[in-house]
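Asker: Chains as they are written, first to last, in the numbering used here: chain A, 13 to 126; chain B, 102 to 215.
In case anyone wonders, no lab produced these hints; they're calculated from the structure.
Keep in mind the model is a prediction, meaning the values are calculated, not measured.
Take these hints with a grain of salt, some might be off.
[Said to hold, decoys possible] Straight line, CA to CA, 27 Å or less: simulated BS3-like cross-link-like pairs of lysine-lysine:
no., chain 1, residue 1, chain 2, residue 2
1, A, Lys-56, B, Lys-170
2, B, Lys-169, A, Lys-56
3, A, Lys-56, B, Lys-207
So the chains spell out like this:
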Amino acid sequence: EAGVTQFPSHSVIEKGQTVTLRCDPISGHDNLYWYRRVMGKEIKFLLHFVKESKQDESGMPNNRFLAERTGGTYSTLKVQPAELEDSGVYFCASSQGPGGYEQYFGPGTRLTVT
Amino acid sequence: AQSVTQLGSHVSVSEGALVLLRCNYSSSVPPYLFWYVQYPNQGLQLLLKYTSAATLVKGINGFEAEFKKSETSFHLTKPSAHMSDAAEYFCAVSSSNSGYALNFGKGTSLLVTP
Chain A
13 EAGVTQFPSH SVIEKGQTVT LRCDPISGHD NLYWYRRVMG KEIKFLLHFV KESKQDESGM
73 PNNRFLAERT GGTYSTLKVQ PAELEDSGVY FCASSQGPGG YEQYFGPGTR LTVT
Chain B
102 AQSVTQLGSH VSVSEGALVL LRCNYSSSVP PYLFWYVQYP NQGLQLLLKY TSAATLVKGI
162 NGFEAEFKKS ETSFHLTKPS AHMSDAAEYF CAVSSSNSGY ALNFGKGTSL LVTP
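Isolated chain B (complex conformation) (with noise of 0.2 Å):
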């Protein structure tokens, strides 16, 4: 079995300030990670992905997020926020003993003040 947990349910942080959203993972064979996006009234987009390559993955938008093997970690980060990254942030995990099907953290609403 494989799961996903995201810390905070909602990020507050102000414009320009550092972005920061936890995903911890649980999977008992090698996973592969992501990191999607949804803007309201719109479908998930892929911001990056982890795939056993590099474990610092840069993504679209500025983002990235590292992959901690010892931690069980993927989480995401931007230097400076902008107003435009306001949405709602999704950790998923897939792997071959889910057939590659997604599992999803419940996911964790940005808000960006200005």
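With the rest of the complex left out, here is chain A (with noise of 0.2 Å):
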């Protein structure tokens, strides 16, 4: 079984310019879920799908981040226009259910906003 991917693995970008994450999660997992860890920070929530749906978006920093989940299945994080800040590892995890559901973790995308 496939775990989850994440693409691209890295990404540098200027400030002001657009960038996409993907993340694809296992499949029949219907919860997806978004973190990141800036430099020297914790891992932080940013949002959370159920199937097609947002959950819950109360960690998404400002409206220059924006995700969706087409049909349930990938997802994408778009952040726009980049700012600095937003350099960082950027996590997807899906899982079956909430609760104590293990949430498993791709490998990450690091972003770098110059």
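Quick one: dock chain against chain with the hints and give me the complex.
Answerer: Below you can see the structure in the form of structure tokens.
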């Protein structure tokens, strides 16, 4: 069984540009989460999808971030326009359900905004 | 609100020595607690989880953790460290209040010396 995959693994963009990160969850996992770790800080929750619906987006930093989950399968996270403080590692995780179900994490996308 | 505090951003142990990584949590409702490990250039991997069953939880690679409600703690232990245990370890809490999103501690880097 394939795990959670993320693309790209690294992205270097200039301030003001747009970047789109992609996450493919484990097949059959309805719950999909995005997290971010800024250097030196803890991993922070961004948002949670259940199938194609946003269950909780309370962690999204501002309206420059837009997440979608087409047809309840893969998800994209777009940053437009990117700012220097958006640099960090973006993790995607998926799970069969909420609560005590394990969240399976992807390897992350390292975003550097210069 | 809920949160996690991991004491010690860096812990160093000798090979064969006891590993003890500390985690204290705060939650106004019964929590789910998790320990994740991140090896270099990899995603987060679940070591073990507490979901209100047994208070002593055994995980992979010889790790275990004990849930102590009175102390609001969930410390991670391993009797004998191996060189391969060198990694970053994250304690996380979730509950119905957070929509089951994970709230992470800042992480503890474990160094194992020969």
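Asker: Compare the structure with each hint and give your call.
Answerer: Checked hints:
1. Lys-56/A / Lys-170/B: 25 Å, holds
2. Lys-169/B / Lys-56/A: Holds, at about 25 Å.
3. Lys-56/A / Lys-207/B: 10 Å, holds
Violation of the numbered hints given earlier is absent; every hint is satisfied by the structure.
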